[in-house]
Amino acid sequence: DIQMTQSPSTLSAFVGDRVTITCRASQSIRSWLAWYQQKPGKAPKLLIFKASSLENGVPSRFSGSGSGTEFTLTISSLQPDDFATYYCQQYNSYSYTFGQGTKLEIK
Amino acid sequence: VQLVQSGAEVKKPGASVKVSCKASGYTFTGYYIHWVRQAPGQGLEWMGWINPNSGVTNYAQKFQGRVTLTRDTSINTAYMELSRLRSDDTAVFYCARVYWNYEEGTFEEFDFWGQGTLVTVSS
Numbered sequence: 001d002i003q004m005t006q007s008p009s010t011l012s013a014f015v016g017d018r019v020t021i022t023c024r025a026s027q028s029i030r031s032w033l034a035w036y037q038q039k040p041g042k043a044p045k046l047l048i049f050k051a052s053s054l055e056n057g058v059p060s061r062f063s064g065s066g067s068g069t070e071f072t073l074t075i076s077s078l079q080p081d082d083f084a085t086y087y088c089q090q091y092n093s094y095s096y097t098f099g100q101g102t103k104l105e106i107k
Numbered sequence: 001v002q003l004v005q006s007g008a009e010v011k012k013p014g015a016s017v018k019v020s021c022k023a024s025g026y027t028f029t030g031y032y033i034h035w036v037r038q039a040p041g042q043g044l045e046w047m048g049w050i051n052p053n054s055g056v057t058n059y060a061q062k063f064q065g066r067v068t069l070t071r072d073t074s075i076n077t078a079y080m081e082l083s084r085l086r087s088d089d090t091a092v093f094y095c096a097r098v099y100w101n102y103e104e105g106t107f108e109e110f111d112f113w114g115q116g117t118l119v120t121v122s123s
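Chains A and B, in that order, are what the protein sequence lines are.
Read left to right, the first sequence gives residues 1 to 107 (this note's numbering).
Read left to right, the second sequence gives residues 1 to 123 (this note's numbering).
Treat the hints with caution; some may be incorrect.
Below 30 Å or equal to it, Euclidean Cα-Cα: the simulated DSSO-like pairs (lysine-lysine) are [to be verified]:
#	chain 1	residue 1	chain 2	residue 2
1	B	Lys22	A	Lys50
2	B	Lys11	A	Lys107
3	A	Lys107	B	Lys22
4	A	Lys50	B	Lys11
5	A	Lys50	B	Lys12
6	A	Lys42	B	Lys12
7	B	Lys22	A	Lys42
8	A	Lys39	B	Lys62
9	B	Lys11	A	Lys45
Simulated from the structure, these hints should not be mistaken for laboratory data.
Build the full structure now, drawing on both the sequences and the hints.
Put into structure tokens, the structure is as follows:
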């Protein structure tokens, strides 16, 4: 199975900061990577698909990059609504794997 | 598009639970349904998928032998049954819709999710 290693597990930042979350795959997944945002008590919400494509309705301050085994999610200027937990997910095969999650906290 | 899941359940260890996921707003047989487990305070864990058109399933190795995914196309509903429940199965279970990309020969991302169903396993 493909393993996904996400870092950091927790990130503290100020409103207005630029932040980056990293996800590494144990083998190449080409560009078959998605990023989700989850708030407490809610289902995850799709932000980015195919590594760098922005889902409809998601603010342009979110961006994704990478291919192969290294991927990043960047939020260019943190807004109060962005404090949540973020997960990467690979879908290169018939099985899926999620990263462990990154909890983004207000500093 | 909506995926509406059944309500919270409380089960005893060793019992089974069956969670439903009713789809609306799209062609049910045109998208796969996947299931994800999230234990309290923990991350997301993929459990498996079902092709509502054919009924073909694929399960994560961790859940093989304990999970059964089925569907009823007459009512656009998918089901996840988990048997031999343990206390560490206490979790929220989500269904999610996924498109099969025929050109690329691969699944795509989870674009719509159900609201989640809390299953509590306690004696």
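Problem set entry | Violations among the numbered hints, reported as their numbers in ascending order | Per hint list: 2, 3, 4, 5 violated.
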